[in-house]
Amino acid sequence: MYIVVCLDTMGGILFNNRRQSRDSVIVNDVVNMAGEKLYMSAYSKKLFKDVDGITVGEEFPFTYDEGAYCFAECEIPEEAVDKAEGFVIYHWNKLYPQDVSFDISLVKNNFKLESSEDLVGTSHDKITKEIWKK
Amino acid sequence: MKKMKLRFITLLAVLCVLFTACTDNAVTTTDNITDVVTSADITADVTNGETNAPAEDTQEPQETQEPQETEKPKDTTAPTTKPAETEPPVQTNPYDRPITPAKTYKPVFSVPAYTNKAYVAVNGNEPFFTEDEKTTVAFEFYGELDSLKRCTYTFACVGEETMPTGSRGSISHKPTGWVQNKYDFVESQNLYNRCHLIAWQLTGENNNKQNLLTGTRYLNVQGMIPFEDMVGDYVTETGNHVMYRVTPIFTGNNLLADGVLIEGWSVEDEGDGICFNVYSYNVQPGVIIDYATGENRADPNGPPKADPNASASYVINKGNHKVHKADCGNIKDMNPDNRIDFVGTIAEILAQYPDASSAGCCHPY
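Protein chains in written order, with this note's numbering: chain B, 1 to 134; chain C, 1 to 365.
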């Protein structure tokens, strides 16, 4: 299972139970990457409202299936980090308000940065996509 | 003879029964028509499938008098097709009307003293907008300066139509409390910024003195821009509108505001996208400020240092092991091959990288 998450410069994920930002480029990229193995909450599904084949779950991480992608717009528990095959992180490269953040060190949890690429967003000049694997 | 008489009486009795039934039916039909008052009732009659009324007309009189207003009358001219009311009603936007903002706004709330967090939630993070203040009709309002020439409040319905398309110009106006000084531990050195109450990126107002406030670099970068970017991104991605109100809070006749109240609420999705109510502090860690005049000086205790045992986000330069705060403006374009994202304590960094040192631009420790 891969955990897919969007972070600001301070590791922030949410503010007042709402996503910090959104970008259609990320939606398309996630869909192309995950195919039929994309899992998310009902809240996140609104972001992917025109996409079929997504499994909506109640509690993160929704599945531990190998090769599945779990889109996280919530706190990410340590247990999920322990069992994850890898992470796909989209860095907004901006600072947003936050009250839920991702504070777990990937390096200390034996993940290694496999690749990094910059995407040009529709409302973001640069979104950095990182893939981390164990 | 007797048989013939008996047959005649029987026939007469049958005829009497038949005559009575017909008379009652005429009365019942009339009653049904008077019970159906509106077209909605008729609709209800039809949609309830009450098409078997004619059969009921042959029932006993007391049954036809049951209070079944939904009974369809025998009238053959009654509609036989389902009316338009079965189609889903047209969705109307209750906020699609202009509003007139109030000339003054004095929110009542309380916040704790500053403790290392650039902003705090107010009113459970729910903005104070009333229903009458919500609209999808874009507008901008900038309150008049008060008698001390201080800005008062600003209010807008932000949308794609309010956002600027050109480039930003220069600002010449100096808001009250503008006593500028430089400090090497402040990002970009200048203590004060001319802070737009409503960001230029949202409404394009630049040198409008009614939209400008003397704010610290910390207020601007940590306490205002994050909210402005959140709203700007949302409007750009969705095309929706956001109610956005910024109110500076002054104590007495002070020329420098203590902070600003920032409220935001997305209209079309009724707050599902954007909803916040925060107070951002007009402070600068490491600087002592006189809010009566805006004068300022360095804190003799120096800028605050990170708690070496508190976990936080840092970025370490792989080459020289300079440690930056994760939100340092100088690391945005750091080569990913040179960058180490580290979440942990300063003590852990120094344990792993004994030669690490604090970056001079952001002073993490």
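If you are wondering where the hints come from, they were derived from the structure by calculation, not from laboratory data. Here the structure is a predicted model, which means the values were calculated and not measured. Glycine included, C-beta positions come from ideal geometry on N, C-alpha and C. Hints may contain errors.
As the list claims (entries may be wrong) - Calculated lysine-lysine pairs in the PhoX-like style (CA-CA distance at most 25 angstroms, straight line):
id: 1; chain 1: C; residue 1: Lys322; chain 2: B; residue 2: Lys108
id: 2; chain 1: C; residue 1: Lys318; chain 2: B; residue 2: Lys133
id: 3; chain 1: C; residue 1: Lys318; chain 2: B; residue 2: Lys126
id: 4; chain 1: B; residue 1: Lys46; chain 2: C; residue 2: Lys134
id: 5; chain 1: C; residue 1: Lys103; chain 2: C; residue 2: Lys209
id: 6; chain 1: C; residue 1: Lys318; chain 2: B; residue 2: Lys112
id: 7; chain 1: B; residue 1: Lys108; chain 2: C; residue 2: Lys318
id: 8; chain 1: C; residue 1: Lys318; chain 2: B; residue 2: Lys129
id: 9; chain 1: C; residue 1: Lys322; chain 2: B; residue 2: Lys112
id: 10; chain 1: B; residue 1: Lys46; chain 2: B; residue 2: Lys133
id: 11; chain 1: C; residue 1: Lys149; chain 2: C; residue 2: Lys209
Stated by the list, open to error - Rough simulated footprint, nothing fancy, chain C against chain B, three-plus residues with beta-carbon under 8 angstroms:
id: 12; region: 11 to 24
id: 13; region: 47 to 53
id: 14; region: 105 to 119
Structure-based check of each hint:
1. C:Lys322 to B:Lys108: Holds. Lys322 (chain C) to Lys108 (chain B) sits at ~19 angstroms (cutoff 25 angstroms).
2. C:Lys318 to B:Lys133: Judged against 25 angstroms, a Cα distance of about 20 angstroms means the pair holds.
3. C:Lys318 to B:Lys126: Holds, at about 22 angstroms.
4. B:Lys46 to C:Lys134: With Cα atoms ~23 angstroms apart, Lys46 (chain B) and Lys134 (chain C) stay inside 25 angstroms; holds.
5. C:Lys103 to C:Lys209: holds, 16 angstroms
6. C:Lys318 to B:Lys112: Given that 25 angstroms is the threshold and the Cα spacing comes to 15 angstroms, the pair holds.
7. B:Lys108 to C:Lys318: holds, 16 angstroms
8. C:Lys318 to B:Lys129: holds, 20 angstroms
9. C:Lys322 to B:Lys112: The given pair, whose Cα atoms are some 21 angstroms apart, holds under the 25 angstroms limit.
10. B:Lys46 to B:Lys133: With a Cα-Cα distance of about 28 angstroms, the restraint between Lys46 (chain B) and Lys133 (chain B) is violated, given a limit of 25 angstroms.
11. C:Lys149 to C:Lys209: It holds: about 9 angstroms lies between the C-alpha atoms, which stays within 25 angstroms.
12. 11 to 24: holds (count 9)
13. 47 to 53: violated (count 0)
14. 105 to 119: Coverage by chain C holds here, the residue count being 6 at a Cβ distance below 8 angstroms.
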